[in-house]
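All residue numbers for the sequence shown refer to the numbering used here, where the first residue is 758 and numbers rise by one.
Heads up, a few of these hints could be off.
Claimed, not checked - Beta-carbon label-pair distances, calculated as ranges: (1) E980 x Q1062: 14 to 22 Å; (2) E985 x D851: 32 to 40 Å; (3) P954 x P822: 46 to 54 Å; (4) K901 x E1061: 35 to 43 Å; (5) A938 x P783: 37 to 45 Å; (6) A938 x T848: 36 to 44 Å; (7) K901 x T813: 42 to 50 Å; (8) D1025 x G782: 49 to 57 Å.
What the hints assert, rightly or not - List of simulated lysine-lysine pairs, DSSO-like, C-alpha gap at most 30 Å: (9) K976 x K863; (10) K976 x K1058; (11) K898 x K952; (12) K1034 x K976; (13) K1034 x K983; (14) K952 x K833; (15) K863 x K983; (16) K924 x K934.
Calculated from the structure, these hints are not laboratory results.
Where is the CB? At the ideal position from N, CA and C, for every residue including glycine.
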Amino acid sequence: MKMIRTLIIVIVALTSVAFADKPPGPDAIRIELNDGKIIYPKSMRRDGDIIRATITIPPAQPGGPVTEGEFGWSVKDVFRLFFPKPAVLDTVPDMIAAGRAEEALKQLDPVIKYFGGFRDAPGSWWPDLVPLQIQSLLVLKREKEAADIADQYGHLGSTDDFKQFTKAFTAVARTRKGEHANALYAYADAIRSTKRPDILGLIAVNKGDSLLALADELKAKHENDKAEVRYEEALLSYMRIAALYPAQRMYLAQATLGAARAYFGFDDFDRALTSIKELRENFAGTPEANATNELEQKIIKRKEQLADPDADKAAKEDKPADPEPAKPDKEEKPNP
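Required output: the full structure, derived from the provided sequences and hints.
Below, the structure is given as structure tokens:
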């Protein structure tokens, strides 16, 4: 009898929580079930495929004690877990863009650990947080750590979205290894597999880097027509960030530097210098802004070569010939 009475109290408690006249505010953590019920737990966690929540149980009789109990729901019965949007989702992209990737990682770490417990449960912010962590590591040139996290991300997630990110990162890894031709095939596959702006932004800037590297190789072989095609493709890939994914600010510095290098490949020095100026003004202190000094020197040297194409030739002709090696005073005879 006591067990039945306790069960009735629990059912009443869950019903009252789900349909309270004055539920908590709109930002309160809650569980929205497929049957329309809404649960406002004190806390919750994921245990395998079960979402477990601690619920306050009202007193059985007026004046009686308030108790708590933990209840579980299968993930497949959950329409959505509601959490307020973590502030780092708005602040970290700007931190990465400003060259503060190390600080971004520190701020992301506790938030990722918390939501990592829910992983890909509907409503979890974990799928949005991990790509920021990976981009921070890529900016810091910590490719091995980024690769390990991307692999874990793809295996822990149960939806196609996670597998799609793994495809994108596989392509990025090839770019970072210098396997640019193979990377392009991987990007073509990855870009068809996702509509997420953060992943498409990751693809755009890194695909641009591979196209730029291939263009530079062709130009070095004096295959200028083919090089120009690749430079144009690279430029268009970089421009996708500002045109199509402007909210993905963490990729803007990389895209701007890439565009400057593509313009330099075209010998369009004015636009290259404009991009350099933009980098220095908007992304001061970033690795990309620091890289502009070397690019600027290349532009100056190239402009001088184009202004006086015979200068190098004349310099080579005026250079004194290397002296012939001195001959010995006496001719040495070979030993018999």
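Checked hints:
{"no.": "1", "hint": "E980 x Q1062: 14 to 22 Å", "result": "holds, 19 Å"}
{"no.": "2", "hint": "E985 x D851: 32 to 40 Å", "result": "holds, 35 Å"}
{"no.": "3", "hint": "P954 x P822: 46 to 54 Å", "result": "holds, 50 Å"}
{"no.": "4", "hint": "K901 x E1061: 35 to 43 Å", "result": "holds, 41 Å"}
{"no.": "5", "hint": "A938 x P783: 37 to 45 Å", "result": "violated, 51 Å"}
{"no.": "6", "hint": "A938 x T848: 36 to 44 Å", "result": "holds, 38 Å"}
{"no.": "7", "hint": "K901 x T813: 42 to 50 Å", "result": "holds, 46 Å"}
{"no.": "8", "hint": "D1025 x G782: 49 to 57 Å", "result": "holds, 54 Å"}
{"no.": "9", "hint": "K976 x K863", "result": "violated, 42 Å"}
{"no.": "10", "hint": "K976 x K1058", "result": "holds, 16 Å"}
{"no.": "11", "hint": "K898 x K952", "result": "holds, 26 Å"}
{"no.": "12", "hint": "K1034 x K976", "result": "holds, 25 Å"}
{"no.": "13", "hint": "K1034 x K983", "result": "holds, 29 Å"}
{"no.": "14", "hint": "K952 x K833", "result": "holds, 24 Å"}
{"no.": "15", "hint": "K863 x K983", "result": "violated, 44 Å"}
{"no.": "16", "hint": "K924 x K934", "result": "holds, 16 Å"}
This entry does not satisfy hints 5, 9, 15, going by the numbered hints stated previously.
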